[in-house]
Structure formats: C-alpha cells, structure tokens
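Dock chain B against chain A, hints included.
Protein sequence lines, in the order shown, are assigned to chains A and B.
For the first sequence, my numbering gives the first residue as 1, with consecutive numbering after it.
For the second sequence, my numbering gives the first residue as 1001, with consecutive numbering after it.
Simulated from the structure, these hints should not be mistaken for laboratory data.
Heads up, none of these hints are tricks.
Listed next, the stretches of chain A that the computed footprint assigns to chain B, with coverage defined by at least 3 CB atoms under 8 angstroms from CB atoms of chain B: (1) 255 to 268; (2) 770 to 782; (3) 807 to 820.
Derived SDA-like pairs (lysine to any residue); straight-line CA-CA distance at most 20 angstroms: (4) A:205 to B:1040; (5) A:452 to A:329; (6) A:452 to A:529; (7) A:355 to A:381; (8) B:1010 to A:14; (9) B:1078 to A:114; (10) A:3 to B:1008; (11) A:52 to B:1077; (12) A:153 to A:721; (13) A:205 to B:1041; (14) B:1010 to A:63; (15) B:1010 to A:1; (16) A:727 to A:717; (17) A:621 to A:705; (18) A:68 to A:2; (19) A:3 to B:1047; (20) A:750 to A:615; (21) A:898 to A:529; (22) A:52 to B:1049; (23) A:3 to B:1050; (24) A:116 to B:1090; (25) B:1078 to A:111; (26) A:3 to B:1049; (27) A:355 to A:261; (28) B:1078 to A:115; (29) A:68 to B:1049; (30) A:116 to B:1072; (31) A:116 to A:143; (32) B:1078 to B:1184.
Short derived list, chain B residues pointing at chain A, Cβ under 8 angstroms: (33) 1008; (34) 1099; (35) 1194.
Ideal Cβ placement from N, Cα and C applies to all residues, glycine included.
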Amino acid sequence: MSKFEVNGHLYSAEPRPGQCLRTFLRDLEVFGVKKGCDAGDCGACTVWIDGKPFHSCLVPAFRGEDRKITTIEGLATDGVLHPVQKAFHDAQAFQCGYCAAGMVMTTASAAFQEHKHDLPHALKGNLCRCTGYRPVQDALHGKSNIEEDIAGKACGASLPNPFTDAILTGKARYTMDIAMEGMLHLKVLRSPHAHARITRIDRTKATAVPGIVAVYTWEDVPRRLYSTALHEDHLVDPDDTYMLDNVVRFAGQRIAAVVAESEAAAEAGVRALVVDYEILPAVFDPVAAMEPDAPRLHDKNEVVTQNGNIFCTLQGEIGDVAKGFKEADAVHEMTYSTSRVQHVHLETHGSIAWKGEDNRWHVRTSSQGPFTVRTKLAHLMGVPAREIHVFTERVGGGFGGKQEMVSEDLPLFATMKLGGRPVKWEWTREDEFIGATTRHQMTTRVRIGARKDGTLTALDVHVVSNTGAYGNHASETLGAAMGSPFAAYRCPNKKGVGHVVYTNMIPGGGFRGYGASQTTFAMECAMNELAGLLGIDPVEIRRKNVVRPGDNIESIWQEPSDASFGSYGIDQCLEIVETELKKGNGVAKPAGDDWAEGTGMALAMLECGPPTEHRSGAEMKLLPDGTYHLACGSSEMGNGITTAHKQIAASIVGVRARDVDIINADTDRTPYDTGTFASTGTVVAGKAVHLTAQAMRDDILDFAARHSGVDRDKCRLDNDAVVCGNKRILLAELHAAGAKVNHRFTVGRKAYLSPRSIAFNVQGVRLAVHRVTGEIRILHSVHAADIGRPINPMQCRGQLDGAVAMGYGWALTENMVHDEGHMVNPQLRNYRIPAFADTPHTDLFLADTHDTIGPLGAKSQGECAINPVAPAIANALAAATGVRFAHLPFTPDRLYSKLSARP
Amino acid sequence: MNLNTIEEVKRPTSADQIGQWRDDYAWLAGGTWLFSEPQAATRTLIDLDGLGWAPLTATAEGLEIAATCRVVDLHDFKGPAEWRAVPLFRACIDAFLMSFKIWNAATVGGNIVMSLPAGAMISLTSALEGVCTLWPHPNQSNGGAPREVPVVDFVTGNHRNVLRPGELLRSIHLPASALSKRHAMRQVSLTHLGRSAALIVGTVGQDGTDFLLTITASTPRPVQLRFAAMPSADELRRAIDERLPPAAYFADVHGSAPYKRHITYYLAEQIRAELA
Chain A
1 MSKFEVNGHL
11 YSAEPRPGQC
21 LRTFLRDLEV
31 FGVKKGCDAG
41 DCGACTVWID
51 GKPFHSCLVP
61 AFRGEDRKIT
71 TIEGLATDGV
81 LHPVQKAFHD
91 AQAFQCGYCA
101 AGMVMTTASA
111 AFQEHKHDLP
121 HALKGNLCRC
131 TGYRPVQDAL
141 HGKSNIEEDI
151 AGKACGASLP
161 NPFTDAILTG
171 KARYTMDIAM
181 EGMLHLKVLR
191 SPHAHARITR
201 IDRTKATAVP
211 GIVAVYTWED
221 VPRRLYSTAL
231 HEDHLVDPDD
241 TYMLDNVVRF
251 AGQRIAAVVA
261 ESEAAAEAGV
271 RALVVDYEIL
281 PAVFDPVAAM
291 EPDAPRLHDK
301 NEVVTQNGNI
311 FCTLQGEIGD
321 VAKGFKEADA
331 VHEMTYSTSR
341 VQHVHLETHG
351 SIAWKGEDNR
361 WHVRTSSQGP
371 FTVRTKLAHL
381 MGVPAREIHV
391 FTERVGGGFG
401 GKQEMVSEDL
411 PLFATMKLGG
421 RPVKWEWTRE
431 DEFIGATTRH
441 QMTTRVRIGA
451 RKDGTLTALD
461 VHVVSNTGAY
471 GNHASETLGA
481 AMGSPFAAYR
491 CPNKKGVGHV
501 VYTNMIPGGG
511 FRGYGASQTT
521 FAMECAMNEL
531 AGLLGIDPVE
541 IRRKNVVRPG
551 DNIESIWQEP
561 SDASFGSYGI
571 DQCLEIVETE
581 LKKGNGVAKP
591 AGDDWAEGTG
601 MALAMLECGP
611 PTEHRSGAEM
621 KLLPDGTYHL
631 ACGSSEMGNG
641 ITTAHKQIAA
651 SIVGVRARDV
661 DIINADTDRT
671 PYDTGTFAST
681 GTVVAGKAVH
691 LTAQAMRDDI
701 LDFAARHSGV
711 DRDKCRLDND
721 AVVCGNKRIL
731 LAELHAAGAK
741 VNHRFTVGRK
751 AYLSPRSIAF
761 NVQGVRLAVH
771 RVTGEIRILH
781 SVHAADIGRP
791 INPMQCRGQL
801 DGAVAMGYGW
811 ALTENMVHDE
821 GHMVNPQLRN
831 YRIPAFADTP
841 HTDLFLADTH
851 DTIGPLGAKS
861 QGECAINPVA
871 PAIANALAAA
881 TGVRFAHLPF
891 TPDRLYSKLS
901 ARP
Chain B
1001 MNLNTIEEVK
1011 RPTSADQIGQ
1021 WRDDYAWLAG
1031 GTWLFSEPQA
1041 ATRTLIDLDG
1051 LGWAPLTATA
1061 EGLEIAATCR
1071 VVDLHDFKGP
1081 AEWRAVPLFR
1091 ACIDAFLMSF
1101 KIWNAATVGG
1111 NIVMSLPAGA
1121 MISLTSALEG
1131 VCTLWPHPNQ
1141 SNGGAPREVP
1151 VVDFVTGNHR
1161 NVLRPGELLR
1171 SIHLPASALS
1181 KRHAMRQVSL
1191 THLGRSAALI
1201 VGTVGQDGTD
1211 FLLTITASTP
1221 RPVQLRFAAM
1231 PSADELRRAI
1241 DERLPPAAYF
1251 ADVHGSAPYK
1261 RHITYYLAEQ
1271 IRAELA
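Isolated chain A (complex conformation):
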C-alpha cells in the first residue's frame, strides 16, 4: 500500500490507476476539496503538495504518495484560523462559499506571494461566480467588511455569514460532501443527436460490465408528463417532458441511466450502451421553427401545440399605438438580440437518494426549491408527498439554474427500484453545459417614438424567444420579458407581441433577470437611440419618462396588477449615476488615438416577486436556554438569505443574530416554501420570518404578563430577558415557567406575496474601446440600487456586485456557441465566466428608501442589478464609436470590423 500524508494524518491507501488526487482525497472523506470543473479551470480543488499549490483535479493521485498534502481542513492550527482564513472571514470574501477553499489555498500559498502584486494574473486560476471578486480583493488587502452583532440592532448591520468558519475550514457540507455506506453511482447517456427517435436500445453489453447494477431507459420509467421548471403553480409550465423519452429533442438530452457500484463502472456502462436512432430533421432558429413546414418538436399525442412550434404567444395593446406614432417627432426602430448563457453555479447539480430507517425516501440535493421538487417527485413516482423528504444542506450557487428539477428524479427512481440503497448522481461541468438549462435567447424588435421634448408617445415591441426543446419557464420568462422593461416608462400607447418557440436547442430556463434582462437590453438601447435622435441627454429622457407614484404601472396590458410603489428611488438612482459619471473616478483613457472613450447608462425596473403564486412559512421557538430557533423553508445558495432571516428575527425579539439558530430548506424540518427564486427570499420568506418573529414576541410577552401579573403593555423584551414592570425575568427562567404549564413558546406564520413593491437599478459605464483590436476596458463602473432598507448592507452589496459582474460576463465574455445544436465550448476554459481580470470594480450606491411593503423596509436586491449592465455597456460603446452594437456579446471579434473608421 502507498502512504499519503494528508493534513498531518497518515493514510495507507492505493489510488486507482487513473484516479486524480481530488477524488482520492474525497474518498478519504476530505470533502473540503471541491469540484467546480474537474478540468483545471476553476481552482476550487486547490491543495498544496509539499507546500506548493496544485489543482488537485489534474494531479494523478499516485503522485501524492509520500508527499505532504495540505487541504483547507489542514490550514488552521489548533483551531486558530490561518491569517488568510481570518482575512476571508473579516472581508466575507465569498457568498455560496464553494470557491472559498480553493481561493484560500491559492492565496495562502507561499508561491502566491510573488504574484500577488498582480491579482488579475495571480487569480487566473480561481473562478468565483457569486461575488464579483471585490470582497476577495478586500480580503487580500486586509479590509474588514463586517460589523458587530449587537442585541436588538441586528437589522441593518453587516453581520458575517453564520456559516463562515465552517466554509473557510472546509467543514461546511455541500450536496456531495457526504459518504454513505453502499453508495451506488448513476451516470446518464446523453443524446448525440439534436432530434431523433430511438428505435432500439441494446443494453446487453452494458449490463455485462462488471459492477453494473441497473440500466434504465424510457421503457422502464413512469411515462408521466411533467415540466422540470419549479413554480408554485405547476400549470404555468407545460407538461412536455418525460423522465426518459423515446424521442430526443436536443443534443444532450438524457437517454438512459446506468447505475453501478462505482462511477467508473457507470461510465463504462454508458459507453457500452448501443442505441439505434431514426434521425429526424431538426430546427434551431426560432423564426424558422415558426414556419408551417418546420420540423415539429412535440406531437399532439404528447403536448397539444395548437400553433406548431409556437408554445406561447403573448400580446396586448394599451392606448392607440398607431395614433401615438403619428404624434411622434422622432421614431427609432431596431432589432436587438441577446445570447444564450449558462448559470455556471460553481457547485454542479447533484442529488443523492435513499430509503431511510423510517421507510421513507430521502433526497439530498442542490436545489432552490426542495418543496416543489418533492411535489414533482411525488407526481412522477406516484407516491404520496409525505413519503418523500427533500432537503439541502449547503448549496453552491443557483442563479435560477436550480429552479429546475433535473437531478433528483433518476436517483430517486433508481433507489426505489434497488431496495433503497443510496444512489448518487453528481453532474459534471459538461453535463451543466449540455444538459441543464440556459438563459433564453431572445430577439427583440423595438419601435419607439417621442415628441421633441422627449415625451414618449408610442412603443411597439416584438419579441421572439427560443425555449429550445422544452418549455420550462418559457411562458413565464416571456411574460417577464414583456413586462417590467416596458412598464418602467410612462407612455400612453404601448403594444407588444411575443412568441416563445420550441426548437432543437438545449432548453431555456430561469436565470437571474428572468426574461426581463433580455428585453431591458433592447429597450434601454432604444431609449438612448431615441434620445440621440432628439438631441436629449440619455439620463434626461429617462428622468422625463420613467414611471412614478400615481402612474399606472403597466406594460402592454391594462389588467389590474398588484405591483405597487412601497417606496420610490429611481430619481435618486439616476441622480447618483449621473453625478458620479460626471465627477469621474480619475481613471484615464489609455493613451493613444486608437482608444475611443464613451459613457453610457441604463436603468431597470423590478417587480419584487413573481406575478404567479408564491408562499413561504416560518416557525420559531424559544429554547430552554433562552435563545431561539427559527425554521424557514427558503433555500440558501449564497444569496445570504439565512443571515438575513436571522437578522430579521433577531431584530424583532431584540437579541443578537447569533442567538437565533436557523434551519432551512428541508421538507421535514421546516414549513413549506415555494422556493428561493424570483426575488422572493427577502420579500416573501423574509416576510414570513418577520410575521413569525412578531408572533414569537407576542407569545412571550403574553405569557410573561400572565406569569408576572404585570400589564401586557408594561412588558417588553430586553435581549435575553423580559422586563415586566420593574422586574427582569431571564428568558431561560420564563421558558422553565412555561414548561410547567405546558406553554411551548412555539409559533408559526405564513406569508404570501401581494402587493409586490417595485425596485430599480441604474448602471453607468465609462469605457475605452480599441479601434483596431476591439478590446474593451471598463474605466468606470457605477451602480445605484433602489432596494429599500438593506437588512444586511454588506450582503446586499455583495448581491449587487455579483449581479453586476454577471452582467459584464453576459455582455463581454460569455457565449454558448452551438453548431447544429451541439455546444462547441462546454468547458470553462472555452466558455469564459468573468475571472478577476474581467471584472471591473463597481462603485455601488444605495438609494435612501424605506419600503412600506417589504419586511422592515426592505425590497428585493439580488436579481435586477444584472439587467442594466449590458445596455449601459452598449450605450457607452455607441457613445465611443458612433456605432450601435445591437447583438450580444461584445467580444472583440464581433466588434472590430465596424470600428476601423476613425470619427
């Protein structure tokens, strides 16, 4: 046997011949070593070998023999954090925390010290999808971003994530960070064809592979239609999907599941499957797919598509658009398009399912909506929901990608067939790119008119959305696309038609910004063009036309809406961005005539929460020691919502946030929650927590009044005690008193979302573009957000920073390239999410607003900041070059040919 020294412990073990060090360490239950890509690109698996940092996914395990291996678990000594861990703690240099182990192991290494003067270079090999890298830089510069946790002052304080130490020492358990006796492994065969009918699957060779336990195809699984999308109301998504189907409609669709004793055997089984296909004609372009003779994606036996491949058409008109255009002095018309991008949450999808000693089915998963997953699993498997337990522990990023049930069903089905043995399905990065979901590609034609003074008179939009092979989130994202970006402006005459169309592309899905991002790009570019035609300043034309209290908040429909101004801060946001851009930040344009400089801005509006149903519950109890326990169904995937929920509860009952323990996202242990998506973590789940904490306070005060005989209105909570008149009773004592009379100090409340408040974001960009190479350098990035009172300012800024960074990625670096439906670049080295070097520093500002609808004055903050980024860049590019670039992304090879002429 070979000897390995890991974090000072000696192991005698023999790695498999082709095993990499990453999985070898994880086999030793050293789970701090993460997998973001398994290909050397993301750095989440960084460990030290004899003190030098390596990406352990690329190191043959046998090379670790007789060497000293250090992982994140081995960095702290005697329980004292390493200075870099402490710096990451103080700066809160993570959100989901999945990249943190690799970031820390990289930046704490001796070799890093000679590179750290140049962080863009030094951090080439560490990707973070959540933070936008600002807090990472803060940590490396020794900056603290946290405040003290003071009883009664939790709300509004920048408190650290309660799981910080666990995350930074590798102890926090993400979905796959668990060893179970008898674990089986599941792998799927994915379709090599964009459109085909399976005529035969020969599993003989596959089942003969040693270690294979089972092979499942469409013939084995329940033939029940469903949608992978998670929503409270499942009827908003079309039931057009089978767990496994005999027709494949996109390259990457799963065809068969192979379950084996090892991942290697499962992979071998997948390779040994023989599938015969009848290749069907395929269509990838949604406009072509709308033609009458286009290949049909779904036939009427399965899903009724009355209009061919058009899954859904939304249209409407308010006022009289034709008349409005007649009144216009200037009319702009152009077609804009946005690209297909992927969430790239650093933790891939993955689920483990098994039968527990309670004879129920347990699913450990990485999801934004465990309760909705449970409902769908119950439907698919034909068992009562109470027999299924779905839960998350720590989730490594979501961004909408985990508002989808794509990894839970097959492991659960397999364990049900296999007597309850644990079955694990861990996705690869390639699985994410070819088999998960993407932002919907949309093309938007905008026609917009205004009078000389800039007053809008008419708006006419035409949207085509490509939902790919399945319609999950198709109509909802189209609805969002047709909604707030146009409702943001007062205009008496608005009209729109939107189609969402099936094609043989990878399915679209929910993605931060949710359809509104795509049409915000079009609308905000069009506003600048219109301003240019009229010779009006771009900020001024927005100031003139943006909706304000008293206006109808309406896009192209006049139906009553429950959106309402609980606060209003767009005026402040416009002012801030305008002032900051004018003031400048001292960063000069690079020298030389080849660099053109320009400034641009854009706004975005968000209705805080989905227009469809959404609900959350919370429960709270006083514990015998006088502290509290809070249970809330909401998922934490790096959005910081558990921190915020603790703060909301703590502020109501007047304690420190740390005195409120929390459990979340567990169908057995928390009340129901639709899911953490659509900007609901604060305004719905947070509202449930708020109501629950108020009920807790009332319950304690009521009991204390009875117990002490002091009037209820003379009783008040004071940290760990209740003050009744002039008597101070410790909560622990009160709890004991309650126990004697069977008073349990346990409360629960539910929240529903209506009305929905309105939030705004404004992005300003000053950039330089090189006329020859097409390189873009962001010189100044300013963002102002109207998010109400921040529950945790640091976290809110983190969400904004992360969303803005994602916006830069969408605009400048990311692009899923497909050839006949096959993704050309399904690796992180070829699909570039922003690295440190790509991510400009953004000056963030918060409007001073206090919302009357959201809990404790707060509004949604994590989603909408992405929306104005791409159009602000486009507007800056237009200002710099005189050229309107209307199609994302703005990579230099797509720009250069239009740049060569000097102005």
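Only chain B this time, still in chain A's reference frame:
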C-alpha cells in the same frame, strides 16, 4: 478528473523498461491536459517522471529543455546576460490561459505535443528556433535512431504533430544564436488575460539582419517568415499574405478567422516597427 478507463500506470525509470507500445498507451508528463478531459481510448499511462531528465541544461551551444521540464522551472530560469531572449520565456508563460499553479505541474514538452494553436511554449520555442529531439520507441522498425525536427515543423495543425505512435519528445534545444537575438512579442485575446487569439514573436540579430517573425495562435500551426533584412511595412504585409490566405487562419471560440487575420497584420507590424 478521474480517467476511469486507465487500467495501469507504468512508471519506468529508464526508457528500455517501457516495453511494447500499444495504441491505448499515453505518455504522462504533467498530466494537466490528460486529466482535464476524458481519455476513453487510453488504458495505460506511462509516467515520464521516473526517467529523471534534468529539466534545463545550459551550454555554450544553447539551452536544452527536457520535455518534462516544468513550466515553473522555465519561468525561474536565469540565463547568461548575452541571452537577451530569456525574458521572452516569462512573457510567453504569462500568455498562458492557465495560472501559476498549473506551472507547477504542466511541462514544456506537454504543451508542445498537445499542439494547440495557442500553445505558448510552441510560440516560444519555435520563435527561438528550437529543435525537438524525438526518441523512437524501441520496438519501432527504423533502428531506433532519434530524429530532430524543428518545433515549427513539429506542429502540423490544430492538435496534430509529426509524432509517430510511441515516439517520444525528449527535449527541445534552443540555439544560443537565437537566444542572443533581440525580440518583440505581442499577444491579443478576446478576454483579459484569456487564451491567445494571436501570439506573435519577432526576433532579429544584433546587427539588424535575420528578422524572423513567428505567428502562432491565429493559425492552426506556427508560421514563420524569415527576412534577411528588416522588411518594410508593405513587404511584411505582402509576405504574410503570400503565406497566409484568409482560409489559413484558425477559427474557434477564441476568435473568428477574419479577426485573427486582422490582428495578425496589426501585431506583426507593431513588432516590425519595434525591432526596426
């Protein structure tokens, strides 16, 4: 990632221990590419680490770089003062998409035999007129004599080279004459510090003669243009056009072919102007 098809790792300490070569064998150097993708056709890895080759050997004739030389060793190399091109080592290493951590594992030879258009060690060693020494596999029929191939000819296309089955890149020799030349290097990428869309190096003798322009990344394989004397801007552009028609550029997600052609002209001219 795990290479689950691998059944055996051979760890020879001398070349004659390798035995019969088979199609499902692969040489393992740093492993940074091998372990980054599934290798479904490979069953056996032959680890070159145990051969114990000295990474770098500097002599009066030049620098011998073992194929197994870690990138970090090349990065840290300090040559004699008259080798004016040594700073180009770091410039090319910095052009890698990969981080300094990968330098600890990745090898110079591994990057060359990967033969990707953007292989920065191909750019470096071809620009410095490097010559590969290839060891035949002992069971080859040609008598087992090593052969020498200039790096610029070693790479024949995207992910293609002249290696025969079982043949092994032993080392790359950079002649002192090339190491002593003046140089200029330019690189462009679609993203900041991203994979090269073009990486172009020019070298010129101390006396201003023998201008050598090496175009990489924008073309599937390195392309060299040699001029006895420094060309004019027009001459350079014509020479590029003669060698590289529009279809000769390499299109991928790191840059369209027309873009790569466009920046090749631009960077080449900058290099010419700098060295003129």
